[in-house]
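Undergrad: Residue numbers (the working numbering): 7 to 445.
Read the hints as simulated data drawn from the structure, not as lab findings.
As the structure is a prediction and not an experimental result, all values here were calculated from the model.
Be aware that one or more of the hints could be misleading.
Computed spacing ranges between beta-carbons, pair by pair [stated by the list, open to error]:
#1 A234 x V397: 37 to 45 Å
#2 R293 x A359: 18 to 26 Å
#3 L398 x A191: 24 to 32 Å
#4 V322 x Q148: 34 to 42 Å
#5 S50 x R286: 48 to 56 Å
#6 R366 x T62: 33 to 41 Å
#7 L326 x A231: 49 to 57 Å
#8 A237 x A191: 25 to 33 Å
Even for Gly, the Cβ is constructed at its ideal location relative to N, Cα and C.
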Amino acid sequence: MTTLSPAPTLAAVTGRDRSLDLLRAACTVLVVLVHALMVGVTVSGGMPVFENAMDTEWFAPVSWFVQMMPLFFLAGGATAVGAWRRARARGETAGQFASGRIRRLLAPAVVAMAVMGAGLVALGLAGVPAEIVAVAGFRMSQPLWFLGVFALVQALVPAMVALHERRPAWGVAGPLLAVIAIDAARLATGVEAIGFLGLAAVWLLVQQLGFLLGDGVLARIPADARAAATAGALGLLALLTSAGPYSPDMYVNLNPPTLALVLLATAQVMLFSLLQPALRRLAAVPRVASWIDAIGDRAMTIYLWHMPVLIGLAGVLALLGIAGALDLPAPSTGAWWLTRPAWLVAAGVAVAAVTLLAGRFERGAFGPAAGGLRAAAAAILAVVAVALIFVLGLSGPVAALSAGVMLLALRLTRARAGDIHRRHAPAARIPAGRAVRDR
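Go ahead and model the full structure; you've got the sequences and the hints to work with.
TA: In structure tokens form, the structure reads like this:
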């Protein structure tokens, strides 16, 4: 049996690696920035036109630098491997750990979902054309895939860490072979839906790379070798996107996730490991640390709410444009770019204001977490809640249904009174056979 012996990293000593906090905070800001730049609003024939302003040929090479979703999963894996080991040492079960992860993701999501649904209903009642309401629902739903997939892979952390500790090579090779098989089947059949099986395989693989990062395994590899691995991954990615079957746009490779995204993640984790010592020093600067904490404490709230805020601001621009109070230049023109600084400031202020109001739901107090079958059911319901949005399309009724499923999942993550009593009862008062079963 091959066993990994983790290197004594900062995360192992303090329980927290500030370079990972910095990475998460920077990625959160970047995702808001990129989505804000995608907002294109014009008026034609007295009607608003909403489009993706980044749907241009020049965005493909830029996407290699601004595709940050692998970094979220890398940071999540690097943090989770240590968190699970500490929880395990305290006597926490795998189910309790999974419940804790799920509730921290779904608690702020329930409120966001309810507000988005109410907003879409309000637009319909106000007489906004159905096609515009549908566009608003579609745009708001686009980032939500992350919620379901991240909940799934985080719930599987105990199982994947066990594989990582016992068979580290297979922890990476297993998901990688699955990704290659899924891509091959999709390309051979032309059935794009097959690619969505990669939602589990790709992101579990990226999370495994995060385990290697969190364990310090990558730090033990010579810097020259990591630099070569970065260049090799990017070189293979360039080959597969220029002469192979993959799009050069890394956002296209996100939907569905493909091997191209795995290569990008490999380059990103190797490069991050090279920069990590410098990033730790940067994260220790007091002003930077306070910025990291302010964003990190509300990261999920920012992620969930930024798109509804941007859609709301786009609606305001459309109304001003229709009224003739504001000239709305065509996206990607020189005049449009001149207006971007003001737009980004307005978007940042609006997102920050909404985050301050909604952030309380992310930092709420939670009771004892449930384990066992309740935790497994909660994880499944978390995925179902998000899947409903993409199968049915985000609308008022679908948002209400999704929020209801999330509430049920949250209820399942809460330990029942009898379970809590048994967990904390003196051992002498529990029959021996029952004590064994309860563990």
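Undergrad: Now tell me if each hint is right for this structure.
TA: Hints, verified against the model:
1. A234 x V397: 37 to 45 Å: 43 Å, holds
2. R293 x A359: 18 to 26 Å: 22 Å Cβ-Cβ, so the 18 to 26 Å window holds.
3. L398 x A191: 24 to 32 Å: 26 Å, holds
4. V322 x Q148: 34 to 42 Å: Violated: the Cβ-Cβ distance is about 20 Å, outside 34 to 42 Å.
5. S50 x R286: 48 to 56 Å: 51 Å, holds
6. R366 x T62: 33 to 41 Å: 39 Å, holds
7. L326 x A231: 49 to 57 Å: At roughly 55 Å between Cβ atoms, A231 and L326 fall inside 49 to 57 Å, so the hint holds.
8. A237 x A191: 25 to 33 Å: Since A237 and A191 have Cβ atoms about 30 Å apart, the given range 25 to 33 Å holds.
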